[in-house]
Every structure is written in structure tokens, then in C-alpha cells.
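Engineer: As a plain string of letters, each chain reads:
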Amino acid sequence: MSFTKRTAKPGFSVQNIGSALSQAVVLTVVLGIVYVLFTNTQENLALRGIESGFEFLDHEAGLPIGDSLIAYNPTRSYGYAFLVGILNTLFVSFLAVVFATILGVFVGIARVSHNWLLAKVAAIYVETLRNLPLLLTLFFIYSVVLAALPHPRAAIELVEGVYLSKRGFYLPRPMAEAGFSIFLTAALAALALGLGFWRWAVTYKMRTGRPMPGFWGGLGIFVILTGIAYLATGRPISSELPVYAGFNFKGGLAMKPEFASLLIGLVLYTAAYIGENVRSGIQSVQAGQIEAANALGVSNAVVTRKVLLPQALRVTIPATTNDYASLVKNSSLAVAIGYPDMVSIGGTIIGQNGQAVEIIGMWMAVYLTINLIISLGMNYLNARVLHVER
Amino acid sequence: MDDNTIIFQPAPARPAPSNRVGPRAWLRANLFGGWKDTVVTLILLAILALTLPGLVDWMFVRATFFGDADNCRQAGGACWPFIVDKFNVLMMGVYPQELGWRPAVCAIALIVLAALTYTNRVRGIVLIVAWAILPVFALFMIGGAFGMREVDQSLWGGLMLSIMLALVGVIVSIPLGVLLALGRYYGPPVVKSLCVAFIELLRGVPLITILFMASVMMPLFLPPDLVINNLLRIQIAMILFSAAYMAEVVRGGLQAIPAGQTEAALALGVSRARTIAFIVVPQALRHVLPPLVGRCIALFKDTSLVIIVGLLDFLGMIKNASLDTTWLGFQAEAYVFAAFVYWLICYSLSLYGRELERRGPSAQKR
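Chains as they are written, first to last, in my numbering: chain A, 1 to 390; chain B, 1 to 366.
These aren't lab readings, by the way, just hints derived from the structure by calculation. Every value quoted in this text rests on a predicted model; they were computed, and no experiment measured them. Careful: at least some of the hints might be erroneous.
Residues on chain B that point at chain A, a partial pick, calculated with CB under 7 Å [claimed, not checked]:
hint	residue
1	I43
2	M217
3	M218
Straight line, CA to CA, 30 Å or less: simulated DSSO-like cross-link-like pairs of lysine-lysine [stated by the list, open to error]:
hint	chain 1	residue 1	chain 2	residue 2
4	B	K36	A	K120
5	A	K166	A	K306
6	A	K306	A	K250
7	A	K306	A	K120
8	B	K192	A	K306
9	A	K205	A	K306
Even glycine gets a Cβ: it sits at the ideal position worked out from N, Cα and C.
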């Protein structure tokens with residue numbers, strides 16, 4: 001903006017001195033306020049007998065956590081408990097991002113479908129979910145939908161080993177048997193071979209102009225080699241099925257209702273937003289371009305890959321970056337339904353020792369870091385995927 | 001003219017082929033275009049056939065509309081008397097019943113003002129003043145002033161509280177957001193970096209942490225003898241949070257104003273401050289009205305989070321009502337009603353946002 005950069009020559013002028021003075025005043029006032037807040041806080045903390053500093057992180061937590069990815073018991077330290085919370089936040093956010101993206105893409109495509117019924121159903125889905133508070137959706141899923149599921153003893157069995165009950169969802173747990181490490185190495189090697197073939201096929205096509213099915217060929221190599229390795233190493237993956245025993249299921253992968261409702265709620269809510277991004281991305285590409293490509297005899301798949309996607313993603317990716325960031329922040333609603341994420345565990349710690357300043361500072365640091373990583377990652381993707389704007 | 005001349009007579013137009021017009025053609029074009037379309041349509045129809053009748057049955061056919069909890073349990077369907085019984089509590093919380101007319105007057109004023117705004121017949125400046133006065137009026141009416149009985153803020157609740165939080169939040173945060181955006185866009189380096197830090201910090205963390213901060217940490221910041229009640233602290237938190245988002249929206253509008261306008265104004269000798277206040281900001285705001293409405297919807301939805309820091313807003317009252325022992329087991333009705341109310345308010349706002357987009361400056365350009 002030419003307006004912001006004044007063209008006055010550098011050096012001492014009345015304007016420069018005035019501007020510098022006023023900025024100095026603003027800075028002094030802000031620093032003064034911060035100082036007053038700081039001294040007030042010190043005084044208040046002393047008055048209430050609350051410690052300050054991060055020593056408490058080493059103290060024994062004594063708080064139970066219902067759902068943890070790493071081994072935890074109440075004798076561990078506060079710092080470790082908080083780490084459990086961070087991991088839970090990351091875990092649920094990651095899964096939600098993956099599923100919301102898949103569902104969101106489907107919803108977005110459905111919104112622009114020629115099929116009237118499909119488009120209408122998708123529109124109703126989007127307009128409903130976007131116009132309800134996420135917290136209401138979470139409460140509804142947690143205390144109406146999941147609570148309506150049967151008791152574990154009469155659990156719904158979807159397919160063998162997958163059970164739905166009001167105490168949670170149960171899935172088979174994959175178990176590594178003897179020979180798994182050899183199989184894993186072989187599978188990675190097959191992946192490398194498949195990718196190598198794909199790259200070679202692309203350069204071959206560029207050099208000679210002859211068709212070479214790089215993607216499908218590479219995928220075939222990977223699948224076939226991995227299959228051979230799986231059989232050759234004696235099927236090293238087995239699954240442990242959940243079994244109903246006593247009052248609940250034992251074994252298998254258990255998904256607690258709190259986690260399940262948080263995940264489902266986040267996915268449904270965010271997918272509605274991602275669906276809108278996808279829709280506006282697709283609609284931002286002029287219909288004429290697609291018609292022209294079709295008229296030239298370009299196949300539908302190539303039109304999608306080379307004409308539609310590069311231009312649609314230019315609109316979709318930045319908006320979706322914001323939605324991913326919102327999703328991570330929204331995962332903090334876990335506290336309302338009792339899933340032990342970072343905010344929920346931090347809140348409990350504040351309740352125990354009153355060290356709100358430290359905990360809130362830690363929350364902010366973690367969320368800001370996650371958001372920074374998301375925007376760096378998406379900016380990278382943006383730079384890779386987008387065609388150069390002319 | 002010779003008698004032998006044959007004048008060209010076009011045959012009358014034949015009607016369009018029957019597979020191109022009418023309901024059959026519509027079905028074919030929109031539902032059964034090819035085998036893929038047909039499969040999708042059939043699957044969707046099957047899903048709808050499995051879910052919709054049950055839902056309608058529960059909501060209307062087997063539902064109880066008059067009676068008490070026992071009638072409901074016998075009928076087995078939805079229990080709407082539960083909502084009727086709890087209606088006052090859901091709307092106003094534990095606000096004294098006999099003073100219920102005061103929030104009601106405010107609600108009517110709000111609805112009238114919203115209708116006036118939607119018709120677009122009243123001058124903008126009048127509307128702005130009216131919207132600025134409304135929350136003050138509501139605060140006095142609900143809280144009690146001019147000799148009316150005072151009602152403590154701890155008694156405010158329900159939908160009334162949700163709307164108050166959102167309304168005050170929006171109305172105070174827009175000017176604040178404009179200032180932040182101006183600071184970020186035009187400010188000297190120090191001001192600019194302070195604004196950026198504020199905006200990005202608040203946008204980078206969840207609202208809950210800010211609400212926790214307001215309810216737990218803000219009392220620590222203030223001098224020991226200065227006590228601000230919980231509601232006001234949370235309102236301040238919502239205003240600051242909202243202002244950060246509003247600032248980003250407004251910044252988008254500032255960027256949309258061509259540099260030529262400010263240059264022209266400066267060349268004509270209009271001062272910098274006046275250029276910004278009377279030329280840039282009004283146009284920028286006009287540009288970003290639709291996303292500002294979007295932020296209003298978001299803020300209204302976000303008010304539901306205050307339940308986590310102990311205020312009983314609409315959702316909080318819904319949750320409370322569903323735990324009432326006389327009406328145990330009717331949670332679904334409570335949440336369906338809550339969903340209906342939230343959806344009605346948010347969806348009307350979003351329709352208004354689209355309307356603004358249609359009327360707005362960017363629509364005319366196309």
C-alpha cells in the first residue's frame with residue numbers, strides 16, 4: 001500500500017519525531033499496564049497462598065485419567081498428566097482431521113451433483129450442522145445417540161469383532177506376531193519400489209510420449225509384493241477380538257463413549273465446513289473450461305486432475321487450513337463431555353493447586369504451536385499443489 | 001404475384017419429445033441419469049425410508065402434546081409438555097417469574113429492530129444508533145433501573161443470557177475490531193506489532209481457554225479490592241475474542257479499497273485521519289458486511305461455551321432441564337428443541353447475510 005509507506009526522506013523531520021514520540025508513548029503505556037497486571041498478580045497470588053512457577057509439574061498428580069494413550073497412573077507427575085492431555089488432544093484432532101476431510105470432500109462433491117436428491121441431502125446436512133453450536137451437537141451425540149445404544153451384553157455387532165454399545169465401541173486389535181519386523185521391512189521396500197516405478201513411468205512418458213500406467217503399475221507392484229511378503233513370513237498380523245466377559249468387553253481396541261462422541265461431533269461439524277470449501281472451490285472453476293476440455297476429447301479423469309483440481313484447490317486449501325485450525329481448537333470442548341484432553345486435565349490441575357497462570361500459559365503455548373505447524377504444513381501444500389497464478 | 005408461386009409454409013412445430021419435458025424427464029435428468037445416479041438415488045431413498053417415518057412417528061404421531069410425564073411415558077413418543085413446562089426457565093433462567101415482562105419487552109424490541117433492519121427501509125445511521133442503544137436498554141430493563149426492582153445478574157440465564165452475551169459481544173467488538181484492523185493496517189510499527197500480537201494470540205487459542213482466563217485468571221490480574229462479577233468478566237472475554245476475529249474480517253475490507261481513493265483524498269488535502277474515517281472505513285465495512293454477519297452467527301454459537309465456566313445460558317438450561325427428576329428420560333426432546341431454536345436464529349442470520357451479499361458492493365460489480 002502506497003498509503004502506509006510514506007515517501008518522506010529518512011532523517012529528522014517534524015513528522016518522524018512526532019511519530020516516534022507517539023509510538024514511544026503507546027509502548028510505555030502498554031508496558032505500564034503489563035507491569036501493573038504483573039504486580040497485581042504477584043500480590044493476589046501471595047494473598048491466596050498460591051505458589052507460582054513450574055515446580056508443580058514434578059509433583060505427584062493424584063488425578064485419575066480415564067483415557068490415555070501412554071501408560072498412566074495417578075502417582076505420575078502433573079507434567080506427565082499434562083502430556084497425556086496433549087497427546088489426547090493431538091490424537092483426536094488428527095483422526096478428526098482425516099475423517100472430516102474425507103467426509104467433507106464427499107459432501108462438497110455431493111453439493112454440486114446433478115443428482116437432485118443427493119444435492120438436497122448434502123445441502124440439508126451442511127445447513128443443519130453449520131447452524132448449530134458444536135457443543136449442542138456433542139451433547140446430543142453423547143447423551144442421546146450413544147446413550148440409546150444397547151448395554152454391552154446386547155451390543156450391536158456390525159461385522160465380526162466390531163461391537164457398538166453404550167459403554168463404547170469395540171474393534172479388533174491388530175497384533176504383531178513373529179516375523180512382523182521382516183514383513184514390515186519387506187512392505188517398506190515394496191512401497192519404495194512402487195514409488196520408484198511411478199516416478200520412472202512419469203519421466204518415461206515425458207521423454208517418449210508413450211503411455212505408461214505409472215500410478216496403477218506402482219500400486220500393483222506394492223500390493224503384489226506386500227501380499228507375497230505377508231504370505232512368505234507366515235501371516236505375521238493377527239487380530240485380538242473383543243470378548244464380552246462379566247459386565248463389559250475385554251480385549252480388542254476400546255473406544256470410550258466420550259472419545260467417540262467427540263470424534264464424531266468434530267468430524268460431522270468440520271466436514272460441513274470443508275464441504276462448503278470444496279463446493280466453492282469447484283464452483284470457482286468456470287464451466288467453460290471443463291466443456292472445452294471435454295470438447296477436445298480429454299477424458300473425465302484427466303479433466304478432473306489437470307483442469308478442475310488445480311484451480312479448485314486454490315480456493316479450497318486456504319479456507320480448509322482455517323477449518324483445521326478451528327478443529328484443533330474445538331477439540332477443547334472435550335472438557336464438556338469429560339474426555340481427558342489437554343484443557344480438561346489442565347482444568348482439573350487448576351482446581352487442585354490454583355496455578356491458573358501457568359496452566360493457561362501452557363495451553364496457549366501448545367495451541368499456538370499446533371496452529372503454527374498446521375499453517376506451515378498447509379502453506380507448503382499450497383505451494384506444491386497450486387499452479388502459478390498469472 | 002403469379003398463381004403458381006408456392007409460398008413456403010413451415011410445418012407447425014411438433015411438441016417436444018415426451019422424454020424431454022414433464023415430470024418423467026425431470027426424474028430422468030435429476031435422479032436417474034445413468035446407472036450410477038440411479039444407484040445413488042435408490043440408496044438415499046432407502047436410507048430416508050428407514051429413518052424419516054420413525055422420526056415423524058416419534059415427533060408427531062406418537063408424541064404427547066398435552067399432559068404430564070406419565071402420559072408421555074405411556075405414549076412412548078416425544079414429550080412436548082416437558083418443553084412447555086420448562087419454557088420460562090429455558091427462556092429466562094431463574095429470573096423472577098413475575099418480572100418476566102421486562103425481558104419480554106426487550107425481546108419484542110429486538111425482533112422489531114431486526115425486522116426494520118431486514119426491510120432496509122430505515123437509514124443506516126438510525127439503525128446503527130438503535131442497535132447501539134438496544135443492549136443498554138436491555139441491560140436497564142432486565143437488570144432494573146429507573147425505580148424498577150433490581151435483579152441480580154446471577155439470576156440471569158436461558159436464551160435471554162445467550163442473546164445478551166452475543167448482542168453485547170457483537171456490538172462492542174465491531175468498533176474494537178475496526179480499531180485493531182486500522183492499527184494493523186495503517187499503524188506505525190509499534191502499534192502494528194501490538195495489534196498483530198493481540199489478534200494472532202486470541203485467534204490462535206480456543207475460546208474456552210480465554211473463558212477460563214476470564215473466570216479464573218482475571219481476578220488475579222486486578223487489584224485485590226476490585227471485584228468484577230463473573231458474568232461481566234466472561235462478557236469482556238467474549239468481546240475481546242470476537243474483536244480479534246472482527247479485526248481480520250475488517251482488514252479484508254480495508255484491502256479491498258483501491259489505493260487510488262486514498263491517494264485522491266490526500267491529494268485534495270483531506271487529512272489522513274479524515275480519509276480513513278470517512279472514506280476508507282465506511283466502504284470497507286460495506287464490503288465485509290456478509291462475513292461480519294457470519295462472525296455474528298459464530299459468536300452466537302460460541303456463547304454456548306459459557307456453560308463450561310458456570311453460567312447457565314440456553315444450552316445450560318436445556319442440560320439442567322433434562323436432568324430434572326420429574327421429567328427424567330426426555331433428554332432427546334430438550335436437545336431437539338434447543339437445536340430448533342439455535343438453528344432458527346442462526347439460519348435466519350445466514351439468510352440475511354446472503355441477502356446482504358446480493359445487495360452489496362461486490363455483487364454490483366459482477
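Engineer: Work down the list of hints and note, for each, if the structure agrees.
Structural biologist: Hints, one by one, checked against the model:
A hinted interface residue such as I43 of chain B counts as satisfied when its beta carbon comes closer than 7 Å to some beta carbon of chain A; here the least separation is about 9 Å, so the hint is violated. Among the interface hints, the one on M217 of chain B holds; its C-beta lies about 5 Å from the nearest C-beta in chain A, closer than the 7 Å criterion. With its C-beta approaching chain A no nearer than about 10 Å, M218 of chain B sits outside the 7 Å limit, and its interface hint is violated. A hinted pair counts as satisfied when its Cα atoms are at most 30 Å apart, and K36 of chain B with K120 of chain A qualifies at roughly 17 Å.
For the proposed pair K166 of chain A and K306 of chain A, the alpha carbon gap of about 47 Å is over 30 Å, so the pair is violated. For the hint linking K306 of chain A to K250 of chain A, the alpha-carbon distance of about 50 Å lies beyond 30 Å, and the restraint is violated. With a C-alpha separation of about 28 Å, the suggested pairing of K306 of chain A with K120 of chain A holds against the 30 Å cut-off. For the hint linking K192 of chain B to K306 of chain A, the alpha-carbon distance of about 41 Å lies beyond 30 Å, and the restraint is violated.
Distance hint between K205 of chain A and K306 of chain A is fulfilled; the C-alpha atoms sit about 16 Å from each other, no more than 30 Å.
Violated hints for the displayed structure, listed by number in ascending order: 1, 3, 5, 6 and 8.
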